[in-house]
Amino acid sequence: MKHVFLFLFFCWFTHISTAQPVAPKREFRAAWIATVGNIDWPSAKNLSVAQQQTEFVNILNQYQQAGLNAVIVQIRSVCDALYASPTEPWAEVLTGRQGQTPGYDPLAFMITECRKRGLEFHAWFNPYRAVSNVQTAVLDPNHIVRRRPDWLLAQGNLRILNPGLPAVRQYVTQVVMDVVRRYDIDGVHFDDYFYPYPVTGQVFSDDSTFAALPRGFTNRANWRRDNVDLLVKQVSDSIRAAKPWVKFGISPFGIWQNRNSTQPQGSATNGLQGYNDIYADSRKWIQEGWLDYVAPQLYWYIGLAVADYGVLAPWWRDVLLTGRFPDRHLYIGQAAYRVGNDPAAIWNQANQMPMQLRLNRQYGIQGSIFYNTNTLLKNPLGLRDSLRLGFYARPALRPAMAWKDNTVPVAPINLTTQSTGNAAVLRWTRPATTTGELVRIRQFVVYRFAGNEPADLNKAVAILAITPTDTTAFTDTDLRPGVAYRYVITALNRLHAESLPSNEATVAPVLGLEETPALALAVSPNPMSGQTEIQYELTTPARVRLVLNDVLGRPVQVLLDQPQASGNQKLSINPSGLSAGLYLLMLTTDTGQRATKRVLVGL
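Residue numbers for the sequence shown follow my numbering, so the first one is 5 and each next one is one higher.
If you're looking for bench data, these hints aren't it; they were derived computationally from the structure. Quick caveat: nothing in here was measured; it's all calculated off a predicted structure. Be aware that one or more of the hints could be misleading.
Simulated DEER-style distance windows between Cβ atoms [stated by the list, open to error]:
1. T105 - P268: 22 to 28 Å
2. G160 - P559: 50 to 56 Å
3. V207 - W407: 37 to 43 Å
4. P559 - V414: 23 to 29 Å
5. F221 - T140: 32 to 38 Å
6. A459 - A48: 47 to 53 Å
7. P202 - A112: 37 to 43 Å
8. E59 - A459: 27 to 33 Å
Below, in silico cross-link-like pairs of lysine-lysine (BS3-like), each with a Cα-Cα straight-line distance of 25 Å or less [what the hints assert, rightly or not]:
9. K120 - K29
10. K463 - K382
11. K408 - K49
12. K247 - K49
C-beta atoms are modelled at their ideal positions from N, C-alpha and C, and glycine is treated no differently.
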């Protein structure tokens, strides 16, 4: 059975590796991590601190392997907090009781772990939702529903903060800015929840607020939209004043308005409308330049009559390109949760999501955000594999935001290379820079060119790696025998502006693998599951580097990198944090020895 799987795997891999469009050099590749109701993380309310942290690290490791470069984590879903808030209680999803401390600061922990892996962290807030179900919620005495019941709108069992109250807008802005000022986040993110979605038989009343605070409006729908506009602008202005490098983005409902005789600027669709039904004028937010990015939730398939993905994606692109701020970014919210799990049979076809991603690149859309994490990690119909081995097989810089700041970092200097067996060790010097968040170098890009290949930094295929941190060393373990390589390094700042290249350094052709001493490498059990033992024998003392790579040769995990004595060697590992699939276990030594073994995980 394993041999059958391997045959099918290589057939599928060969297909996706040759059928994909050319990947762009810059692309935002993200996923939402929902915490409300323990949807994605933590998986349960009774986990220990260690269990919560292990779960989150496993999510990041799998996303890093899949080629993602950002996560959007829900840190405030119902006026509670996954961080030490001075105004709102701890979230129930952490401990099972709202207001109870989890014993650590999850937000600080998550940011730190993302930094280690070079992932952007966007803090996801629900600005208005206060209680999802007032009949079942057990609220902390400090919860805003207890403290300010006069701020609420009720629709059935749902309670939201009243967008028409200036005090509510001020409060929400205060909550957001507390996080912006105290935590090193990369972005602030709102989703599609503004005024409540319409529910048959359920209405909410804001009569008294409209009567008391109309601000000159006579049309209540226009007044409600203006209430939301005021908050969006206030949050946008506040972020830019405090930390201009922090991005602000919203993922609105995928249809702004349907095109008709009275609204010719709408999309050729016939579904629920964000503008009319939840009073979210997302098109205006783009036109006014209040957002750094917009990520409409296009949770429909290509060809759906009422809401065709193939119609909506270019419609949103045109909204940006024809507006006053065409440089703002468009990312698409992708319905990973529907893949292989939807009444519409078309979602059971493995090519639906790849078709959408190809359309995105065809239209010049700068990225995607997948909902949700729980689904993506399950790899339905090979979705995550299509990212890891196809669409996101090569690393990508995140799109730059020059309107926030156009500072370009200083280029690295003194790049050198040193051959070590069949590997090349690169080292360079970080340039001296003045202090300041927008000047400081955050990461480096390693470019590699083979033989006489032109040194074209505009080609994504030339990017060998993007360092997760501001390290000044990198080891290339993927040298082909008989090929000479040239390298250059560039620097990235916080907003992903790229420096000029460093000096060029070369590595002479290395010997063929058949000319180096071979090592026997044993793995038991294989497929790897639970505790796995790796064995090999060194004939002489050597520095050993043992790396687990994906099938494209990209490092996934460094298992060992240290000197060892001669003789039999054993190493135990636990592959529980790895996603299922085929990997290459590669052992190299500084004495020129080398061994490679295919291993399976979770199959």
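Results of checking the hints against the structure:
{"no.": "1", "hint": "T105 - P268: 22 to 28 Å", "verdict": "violated, 54 Å"}
{"no.": "2", "hint": "G160 - P559: 50 to 56 Å", "verdict": "holds, 51 Å"}
{"no.": "3", "hint": "V207 - W407: 37 to 43 Å", "verdict": "holds, 41 Å"}
{"no.": "4", "hint": "P559 - V414: 23 to 29 Å", "verdict": "holds, 28 Å"}
{"no.": "5", "hint": "F221 - T140: 32 to 38 Å", "verdict": "holds, 36 Å"}
{"no.": "6", "hint": "A459 - A48: 47 to 53 Å", "verdict": "holds, 51 Å"}
{"no.": "7", "hint": "P202 - A112: 37 to 43 Å", "verdict": "holds, 39 Å"}
{"no.": "8", "hint": "E59 - A459: 27 to 33 Å", "verdict": "violated, 43 Å"}
{"no.": "9", "hint": "K120 - K29", "verdict": "holds, 22 Å"}
{"no.": "10", "hint": "K463 - K382", "verdict": "violated, 32 Å"}
{"no.": "11", "hint": "K408 - K49", "verdict": "violated, 39 Å"}
{"no.": "12", "hint": "K247 - K49", "verdict": "violated, 34 Å"}
Checked against the numbered hints above, the structure breaks hints 1, 8, 10, 11 and 12 and satisfies the rest.
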